[in-house]
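Peer 1: Listed below, chain by chain, are the residues.
Number of protein chains: 2
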Amino acid sequence: MDSVRFLLDLAILLFAAKAFGILARRVGAPEVVGEIVAGLLVGPAVLGLVDQSDFLSQMAEVGVIMLMFEAGLGTDLKKLRQTGWKATLIACAGVFVPMALGTALFLCFYGGPGQLLKGLFIGTIMSATSVSITVAALKELGKLDGVVGTTITSAAIIDDVIGIIVLTVVIGMTGNSSGSALVIGKAALFFVVAIGSGFVVYKVFSWLDAHYTHTRRVPIASLCYCLALAYLAETYFGIADITGAYVAGVVLCNLSDAGYIERRVDISSYMVFAPLFFTGIGLKTSFSSVDAKLLAFSVCFVIVSLLGKVIGCGLCARACRFSGRDSLKIGLGMMTRGEVALITAQKGLSAGLLTADFFTSVILLILVSSIVTPILLKREYTKYPTD
Amino acid sequence: MDSVRFLLDLAILLFAAKAFGILARRVGAPEVVGEIVAGLLVGPAVLGLVDQSDFLSQMAEVGVIMLMFEAGLGTDLKKLRQTGWKATLIACAGVFVPMALGTALFLCFYGGPGQLLKGLFIGTIMSATSVSITVAALKELGKLDGVVGTTITSAAIIDDVIGIIVLTVVIGMTGNSSGSALVIGKAALFFVVAIGSGFVVYKVFSWLDAHYTHTRRVPIASLCYCLALAYLAETYFGIADITGAYVAGVVLCNLSDAGYIERRVDISSYMVFAPLFFTGIGLKTSFSSVDAKLLAFSVCFVIVSLLGKVIGCGLCARACRFSGRDSLKIGLGMMTRGEVALITAQKGLSAGLLTADFFTSVILLILVSSIVTPILLKREYTKYPTD
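The listed protein sequences correspond, in order, to chains A and B.
First residue of the first sequence? That's 1 in our numbering, and the numbers climb one at a time after it.
First residue of the second sequence? That's 1 in our numbering, and the numbers climb one at a time after it.
It is worth saying that the hints were derived from the structure and are not from the lab.
Don't take each hint at face value.
A pair holds if it fits inside one copy or across any two, identical chains being indistinguishable in the list.
[Unchecked claim] Subject to a maximum C-alpha distance of 25 Å in a straight line, what follows is the list of computed SDA-like cross-link-like pairs (lysine to any residue):
#1 K139 / I267
#2 K378 / R217
#3 K203 / I22
#4 K78 / V204
#5 K186 / L8
#6 K86 / S323
#7 K186 / Y236
#8 K347 / P113
#9 K203 / I12
#10 K186 / S350
#11 K203 / L8
#12 K139 / R263
#13 K139 / D266
#14 K139 / H214
#15 K139 / Y260
Pulled out of the complex, with its shape left as it was, chain A reads as follows (with noise of 0.2 Å):
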């Protein structure tokens, strides 16, 4: 009788992640980087403690969630309003030299006729910047609601946008399309949606908060309003779910008690739901048998992926007179790739843009970015420490 085996998986991830994640903070490392190592450790590449099963992934789901929510709910409206067109352009870099340069590699390994859209297809996935970890990681840092982690958090849901347009775009051109202008509407249309009903749920949520300050009820709405614009924008605006989350958190960040609901957000989180996003990495990889070539391109991948962004984010942050500093840290901070790489590559794969073995490099891409960017941030903000 297996039916309560998710308590147990629970149970060894919960206890894993909070284990490993001290362990990580006492040799200097973020907590979020031991938990994803907690997950590659008890998950089926090593110890095959725990299998990854839907209900983990659901739970992980709402993890991410919460995560992005909270981001939002932090966000200083003034902040967002001062970088936004940075991070536009930041966004449009990061998402640009990646492409050409992981068209570049594809191109020098598998070069031939007929292989450019597949090299370009190879681009787009390099394009796809995850947030989750670097807000974690700021956050741990008390950097997230910063002008430099506003400007990483904003560039990043921008760079989701621009992700699908292009992905459309790379998609249509094998005549597989479903229209990219449909497609790059509905995402605008998201966002007039969201802002516009966001100032009458604002005004709700501002009585709400004025009549009963302090009580369940207002965490609680709040959280079944991102849950409900996450299901509403990844359902029927094509936009990923945690794009929603954000957008909700700064619908609600200007309220009194936006604190309040922040705080129990984010005990929910980290007691449940967070660890189990950040296991839930670990616990998804598992490599299959690669050969020299895959291997070699493999890591070719990975660093041309997280170069990319380093330089395509970090020049265009530096030609947007941020310091040096601060537009490497900006560049780190969009090195984070995650889902939505796997997503774009699962597309690829229906398309036939891409052959089964190319996961490997995204697996890959997805836990030494997710493990390297905390690392590398921490130790740029605590070596120069900026807003």
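Use these hints to put chain B onto chain A, whose structure you have.
Peer 2: Quick look at chain B alone, frame taken from chain A:
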């Protein structure tokens, strides 16, 4: 692409649970009643907005485990020791009185040669108290750690063990048994192992607590211990997981940080998990077509089940020198039935002692007892407050 449908389900359930919870309180009923009604309304029985899913039922399971863990954490060991033997007697009366009445009821309706065993089985279904609803109601009233609350909770835990033994014996009469002695031995062994190892666990947590007061690692490690013990109880000892969770709470209840742990678990629980448990009860309810005789039987079944506990536990409590009012509270508190009754019915179906029709009666019992008990308890406690 409805892979994120579970996000919408969560949003709807959490929102409806809170809204109806508030409504219930407005009309003087306990909040849990509103949450159950919310599940009934949005579920397949009425509106059909949300369907039961594996994810939701696993979340609900975590919710009830957290609830019982909190009940354990809030235990006053001195009161538990004082009330221990009384609780044992009350539990016995609470098993055998409904069982006798249930057998008689079945024989009245469906009597005939060879029906005695089936009657006994119907009685067995009636015997299993599920205390979680009562625990939630008492918590809402702030009476969980009183003498009456402690008696009800510990009686229900003992009831679970007696219920398992009775079930094994009755199934054993059909010749399908896996050895009653073995089952009883395993159940006893659980308490020996859990309490024996509990001393070591308590030492470890005391050390943690003293060195890392008010840090996240203490509540997280506690929750892991609770989940693991719940898993072990159900998987290896044949005891309900919630019993394991409660015992885990009792083991840790004397920690100086027990209140801190409880608060952390409580926030996770009320933000997400507990409402999913309560709405889940309503969600699982859907009535199949019934004939008049079965309907009449179902109504009698519910009445006899409720009265059986009130009479059995109440009279026994009175005999144990509780006041008349407190005896009534204890009887009322033991009325709730839950998943154990369904699981028992499921086993009867496999053993050929029951037809699927009777599930309607069992579901009706769970629903009615879950709604009626908190209302009556609140009324009693409001009119005649006791410790």
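Peer 1: Hints the structure violates: just list their numbers, smallest first.
Peer 2: As far as the earlier hints go, not one is violated by this structure.
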